[in-house]
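A.B. asks: Line by line, the protein sequences are chains B and V.
Using this note's numbering, the first residue of the first sequence is number 71, and each one after it goes up by one.
Using this note's numbering, the first residue of the second sequence is number 59, and each one after it goes up by one.
A couple of the hints might just be wrong.
DSS-like cross-link-like pairs, simulated, lysine-lysine; straight-line CA separation at most 30 Å [what the hints assert, rightly or not]:
| hint | chain 1 | residue 1 | chain 2 | residue 2 |
| --- | --- | --- | --- | --- |
| 1 | V | 228 | B | 251 |
| 2 | B | 357 | V | 241 |
| 3 | V | 228 | V | 241 |
| 4 | V | 241 | V | 212 |
| 5 | V | 212 | B | 251 |
| 6 | B | 359 | V | 186 |
| 7 | B | 214 | B | 251 |
| 8 | B | 317 | V | 194 |
| 9 | B | 317 | V | 241 |
No wet-lab data here; the hints were simulated from the structure.
Now for the letters of each chain:
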Amino acid sequence: MSKLKRIVIFGMLLVLTIYAKAQQENLIAAQTFLQQGNLDSAKHYIDAAVLNSSTANNAQVWYLKGFIYKTIYNKNEKGNRQSPSRLAALTFFKKSLSIDSSQENTQENIKNIKYLATTLYNDAGASLDSIDYKIAIKNFEIFKEYYLLVDPTPANIRQKDIDFTLAIASLYTRIFESDRKEKTEFLSLSKEAYNKILLLEPNNINANYNMGILYYNQAVNLINQQDYDIDIVALNDIQDNSINLFKESLPFMEKAYSLDPRRRETLLGLSGIYFSLNEFEKSNMFKLKLEEIEKQK
Amino acid sequence: MFIAFFKMKKILFILLTFVFFSSYKVVLPDQSEEANAHVKAIYIYNFTKYIEWPQDYKDGNFVVGVMGTNTALLNELTKMASSKTVGSQKIEIQTVLSAVDVPKCNIIYILSDNSAQLADVAGKLKGKSTLIVTDKPGMAKLGSAINFVIFENKQKIELNKANIDKYKLKVASTLVEMAIQIK
Numbered sequence: 071m072s073k074l075k076r077i078v079i080f081g082m083l084l085v086l087t088i089y090a091k092a093q094q095e096n097l098i099a100a101q102t103f104l105q106q107g108n109l110d111s112a113k114h115y116i117d118a119a120v121l122n123s124s125t126a127n128n129a130q131v132w133y134l135k136g137f138i139y140k141t142i143y144n145k146n147e148k149g150n151r152q153s154p155s156r157l158a159a160l161t162f163f164k165k166s167l168s169i170d171s172s173q174e175n176t177q178e179n180i181k182n183i184k185y186l187a188t189t190l191y192n193d194a195g196a197s198l199d200s201i202d203y204k205i206a207i208k209n210f211e212i213f214k215e216y217y218l219l220v221d222p223t224p225a226n227i228r229q230k231d232i233d234f235t236l237a238i239a240s241l242y243t244r245i246f247e248s249d250r251k252e253k254t255e256f257l258s259l260s261k262e263a264y265n266k267i268l269l270l271e272p273n274n275i276n277a278n279y280n281m282g283i284l285y286y287n288q289a290v291n292l293i294n295q296q297d298y299d300i301d302i303v304a305l306n307d308i309q310d311n312s313i314n315l316f317k318e319s320l321p322f323m324e325k326a327y328s329l330d331p332r333r334r335e336t337l338l339g340l341s342g343i344y345f346s347l348n349e350f351e352k353s354n355m356f357k358l359k360l361e362e363i364e365k366q367k
Numbered sequence: 059m060f061i062a063f064f065k066m067k068k069i070l071f072i073l074l075t076f077v078f079f080s081s082y083k084v085v086l087p088d089q090s091e092e093a094n095a096h097v098k099a100i101y102i103y104n105f106t107k108y109i110e111w112p113q114d115y116k117d118g119n120f121v122v123g124v125m126g127t128n129t130a131l132l133n134e135l136t137k138m139a140s141s142k143t144v145g146s147q148k149i150e151i152q153t154v155l156s157a158v159d160v161p162k163c164n165i166i167y168i169l170s171d172n173s174a175q176l177a178d179v180a181g182k183l184k185g186k187s188t189l190i191v192t193d194k195p196g197m198a199k200l201g202s203a204i205n206f207v208i209f210e211n212k213q214k215i216e217l218n219k220a221n222i223d224k225y226k227l228k229v230a231s232t233l234v235e236m237a238i239q240i241k
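Next up, chain V with everything else stripped away, as it sits in the complex:
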């Protein structure tokens, strides 16, 4: 009887197949533009710590004018403005369309696509205390106080102390030492 079982054992075998693992997913890259903009926003916020504005620029909002188009950067600066202050001043980001429209502001940040307007902006700010920040090689020699540059793949800053002094701003030596100095 025992042997008979083995003779009869041609039982229906359920066909079982390998199920393909479906849990593999392609991960999309995070936004590198955001990271780049975040670094610049950190720099901008640091400028507020290392540079001193005259008393009449310490009232009201701390205004950062932005001239040019860069959505990621504007978003970052807006985020920064909503979470940080400069002393007791709230940070306000203002989009500036042209040199004529430059308001009274603590910082004017001219993005690379608007670099051609540097001379006009500098002219408009004569006698005022606005820190001019640019984002294109060579701008620190052409009138900006601080210029963003790339050095060894990294975001760095060039600093032209004469262009800071010209606008009656005081800069901490720490910032000067950290920057690539331009004369």
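The shape of chain B in the complex, shown without the other chains:
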């Protein structure tokens, strides 16, 4: 080997060594700053470390990055329901999980994903109001994406899906009820959400009852909002539409009744539907059942 070749190889090795040392130093610095609680610096060094090809596929490095971002979330962004550091941390733990062939960090990655996903779920619940409901939906979708990584049991995620959809459907109904003329889109959204639940769980009593009530109240309000001036011919058409809505309501309410024949609201609902369909005998039958149940209390 010529002298020049040896110098070139030595030079390359030297560069590689220095470079590798620099990466190692980045990691050590990130870790040190994390332990000192200097999160900005820890973030700076870990961001630099993962850019390098020698560490880009190291599960431990990605775990450390996730851990630093999770700590930033916990320290600085806990009150932010759209915390960017939390989302970043989740992607880093996910990356670590996917490349962790030795499975050295699997349990830690899973724990951390579970923890952050749970905060997303809880934040989704806390955002269920007329202002922040879109944040709730987004957080819940992200929660599902990550929760499935750590708990792929279909029944668990399905139950969470039902709980959340029931809550959001109920919220949509409340928004619609707050302004029935201007917020009509929320009526459709509410029905859509209940339909989703009923596809997942046809025997969900709350979804059946509330779906029945949506149609029921729509039918009642269709009549009640008419001015006394309305012509009898037009009233006839409105009665037709109202009756169709009561008929739409009936199977949901009957289903809810079959699932719990002693539930007060359902008995009230059925009595009201039959009354509105001018089937007074049936209406009275449910009224009497309700009275009997209330006497027994």
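Chain V: place on chain B using the hints.
C.D. replies: Chain V in isolation, oriented as in the chain B frame:
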């Protein structure tokens, strides 16, 4: 040192549990009795547009007598009376306890629980111009001019034109055509 971090990483993990979504609420049904009463009030108000009373019934208040018990209906009629007029006449709702008490009124509405009094009321109103409205199957054949009935789940009216003419009232053909005619 880097490896050491991972060996030391058994940090205290804060136990975080799922919070149950509490925003689900049971919505109570709206009052169907109100809707039913509202339909009847709309009909009653429409009668004032399709029926013409003689001149001496166009002075003072337009009186609607109600015989029977139905809180939702009375509330609806009262609401109607406070927001509408018949021409320049204010609408006045009067509760009537028995046939003897029937006042001079434009409309007397006998609710189903008082249907038995129809004959007495009709007798009391002989020679007068009061529209008799009832709310029980068969009443249009027994003396009422307009009777509320249920047809295919809907609120409809039966109309006995002879019982309208008898009280010197004029009815528009539109109303006659819309009603189930009874002879």
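A.B. asks: Of the hints stated earlier, which fail here?
C.D. replies: Per hint list: 1, 2, 6, 7 and 9 violated.
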